[in-house]
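Student: These are the residues of each chain, in order.
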Amino acid sequence: MEPITLTPPPAFGLTAQQLAWLTPYFFVLGGSCLALLLSVYEATKPSISVPATIILAFLGGIATTLPLIEQPPTLLFGGMLIADGFTAYANILFLISAAAVTFFSRRYLLNQDLEHTEFYTLIALSALGMMIMAASTDLVMIFLGLELMSISVYVLVGFRRNDRRSNEAGIKYYILGSAASAVMLYGAALFFGATGTTNVQVGAIRAIQMGMGQNALLIAGLLCILIGFLFKIASVPFHMWMPDVYEGAPAPVTGFMTTGLKAAVFITLLRVFSSMVSVPALSPQAMEAFQNVLWVSAALTMFLGNVAALQQTNIKRMLAYSSIAHSGYLLVGLLAGPQSHDGFSAVLFYVVIYTIMNLGAFAVVSAIAQKGDTGLELNDLSGLSAKHPGLAFLLAVFLFSMAGIPPTAGFTAKYYLFYSAIQAGQVWLVVLAVLCSAIGAYYYLRVIVQLYMREAIAGSPLQNWKPSRAAVTTALAAVILVLQLGIYPAPALKMLRLGPAEAPAGGAPAEAPGH
Amino acid sequence: MASSTSCLLSWLVFLPLLWALVGLCIPTNTASGLKLSKLSALIGSLVTFAVSICVYQQFDPASAQAQLAENHAWIPSLGVGYRLGIDGISLWLVLLTTFLTPIVILSSWESVEKKVKAYYALILALETAMLGTFLAMDAFLFYTFWEAMLIPMYFLVGIWGGKERIYAAMKLFLYTMAGSLLMLVAIFYLAYQYKLQTGLGYSMYLPDLYMVKIPSGGYLAPQSLLFLAFTIAFAIKVPLFPLHTWLPDAHVQAPTAGSVILAGVLLKMGGYGLIRFVLPLFPDAVRLYQTPMLVLGTVAITYGALIAWVQTDVKKLVAYSSVSHMGYVVLGIFALNPTGMTGAVYQMLCHGISTSGLFLLVGMIYDRRHTREMSDFGGISKVMPLFAIAFMIILLSSAALPGTNGFIGEFMILLGLWQTSQVLAAFAALGVILGAVYLLFMFQKVMLGPVTGDENKRLKDLSLREVAVLVPLLIAVFWMGFNPGFWFKKMQTSIDASLVPYSQSAVASSNAEKVGTPWNP
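Line by line, the protein sequences give chains A and B.
Using my numbering, the letters of the first sequence correspond one by one to residues 1 to 515.
Using my numbering, the letters of the second sequence correspond one by one to residues 1 to 521.
Treat the hints loosely; a few may be bogus.
The following residues of chain B were derived to be distant from chain A, with all beta-carbon distances above 12 Å [claimed, not checked]: (1) Pro61; (2) Leu95; (3) Ile151; (4) Trp309; (5) His370; (6) Thr371; (7) Ser421; (8) Leu464.
Straight line, CA to CA, 20 Å or less: simulated SDA-like cross-link-like pairs of lysine to any residue [to be verified]: (9) B:Lys115 with A:Thr198; (10) B:Lys171 with A:Arg446; (11) B:Lys163 with A:Gly383; (12) B:Lys115 with A:Ser382; (13) B:Lys114 with A:Pro389; (14) A:Lys387 with B:Lys114.
Read the hints as simulated data drawn from the structure, not as lab findings.
Heads up, the beta-carbon is just placed ideally off N, CA and C, and yes, glycines get one too.
Using the sequences and the accompanying hints, generate a full structural model.
Tutor: Below is the structure:
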């Protein structure tokens, strides 16, 4: 399938080019294996060596991915994986998210008496799953990556094993997540039945060649696959599991789920969706039906996510609902992508910014969390600015950014996303989206009220405690990025534009005619 | 437009912010450190005022172009540029901002006791956002400053405000944000239309956006919808009846400095936005909605005045008087003739001076008595003669007595409105009378008659610092009242230019075609 143009002899049947692309995967896999080995020696008295190994593996992965951004797309394993700029960006995003979570969770785990080395290994394995997912063009590989990621996270969610809520969250996520995986797998089977392949790009081309634009089997298969994805990003009406899971999971895991996991699912969805659109595999009527499904789902997700977040009194649960709302905004961008001039780069930009600000916010939340993940009620945060002005400032910047107030990156990202949706002619969806953002501003501001405008309650758990240095460092780095990308986003926008242009299916998204 | 070498406007905009950041580094554990941080803020605002005077001197009144322009690429892929410029309308509003900021800093010298350093830093940051809003020549930049302004204002009201401060801060934030997000959608639409119509790529540059042709005709045509999106955002800020309900809460709960900045500058942004965006962008829709807007303006004047009349809290009375006075600004703008427009701009400046003065005076008396109920006061003029004099002058300027600044603004607006609609002008003139009624009524209750209560007998008259706060305002009242020509001559060209689409010939030639736009060489 690949052109044989390279002079060095291939190792393991791979060319040098392909080996280079696989190096980051080897780093993460090797890191997790090494960490498992080290764990044996540290089962009773965990030291810093395991998280350090994992972080080094992540950094190695990032370092080896960076030079690949500008490389031409390469097919791996007979077309099961595609490695392109898009993959490279996605991998960097996952690795940064995983590295940051590993970095700031050690102190949290110590505080909670949860220091088990398996935690870090599971984070690394789930990051590996994400990296496989983002590179997949084949439904089997997508499923493999998804399961590797999900199963690791199921365990992580239930990691506070003596806590009933954490157990409940783990079981709930496991059962519902498996059901969603099953639906998705069923969809893959139907897709295979219709097209005779599990590769989405090949399948899309076959569909058009064989005139299957209205084929019921294909449409049903794609719909099942879409439902699987919508479940994983918790868009309405498949969002029920999320608040409980987010609240029950340990804070750093929640942070990991809202950032790396969500980005991975979304980026994979983006790739599958754009393969279907750019060919286009389906008839215009069927395509419109899919767009209507997405339209309704986006509208409901934004609305319900924001409205439900209004009533939350626990910051973790509030951020869970806000995460649902942000999924809705992302769906707006996804829907608009094929018809807007910038393709999917607005969605990608939003994913990146959302990851950064959420990582920062959860770093702060993890730093605040007391034993048993208590101390996260909004009332517990009163007067935080008096005791810990730095921490309060960091959290406030993230909240303003999530609310989309300039000059933060959250504003730039929303601006770009909604702008691209206007180009695609989705004026009313954007009007709805901005109204939802206005609702959203309320609950973010409510936290800021607690931080800055109320006096500390006597005997609040935050009186005598010092925030972890790792968490503050992570949050500080995220704040710098949030402000930098808010004030001067041009370089980042330019960089991201390279990614998706050549990415999905190796072809630019269809250029839309003017309205 | 070529990028200019001058960066005077950038200095003007960002100097307060830089100064605020430096000020944050001053340690305030000691009394002298505390004093130093106040002093540093005051000096920072004075230096900014000096820079704005330089801008004033370099301003050429003969040209309607955006002057001292700066134009740098910022986010090229979205057509966003860092573009600043000043014209005869923004010039005076910029001067108003830089003039009021030192005054509010001086006025809060003793009344603000907690988190002093952060307080002054926020005021200076707010000044940067306000100046940026007036000077931005790029829709993205404008929107950035416009929204960023909410952050310091939110904290000023929410931390240093009165009892209901959190509610008021929330309401202020959400009201403004909800309105401006719709404006954002309209901005997207305009920028996209520009690309489609010219094929040149995206642009957020205002003169580029002015060239966009938007289909009009009917109350729900695209142009009308865009008009509504922009106008609602600005009407909330003005605030125009019935979108004014955030204002009484915010004004009453805000600390004195917050009220002064809100009334003095922030409300002007609504009027400025109408002139800068709505008039040149949507001429057909403006003509279509002219009468409803005029009616709303008249209602605002009367309604604001009547509600002010029944207030027992002095600060609330002043807050509702703002609703009434800003109604004139809307009338002046939508009269769509040079007289009305000049009056509107002038009224914005006058209202900035006189209402700021009223809020400062109310703040001074509140610092002494910790109450604002009219019934708690009586005969104050006997105990505080200096205060009484200042109060009287500012009050009469607010009630538009001839010889004070308020008279010129309201008179020109009514004159302009008379040319457009005589009925509405008659109703609006009624508001002038009502204005005099509630203000004098309040003055009589608080200041005149026998001195009531022991606490009132012991009141101290104005301190030297308070005199220093008020004197610049009193000078401005008379200067603007007796020599309006000095102020008019810098704004005239720009005002004429902004009304080009509404001149007789433009109306006659075509309805769908825009003939000329300001700053379009």
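Student: Find the hints from earlier in the document that the structure breaks and name them by number, from lowest to highest.
Tutor: Violated: hints 3 and 9.
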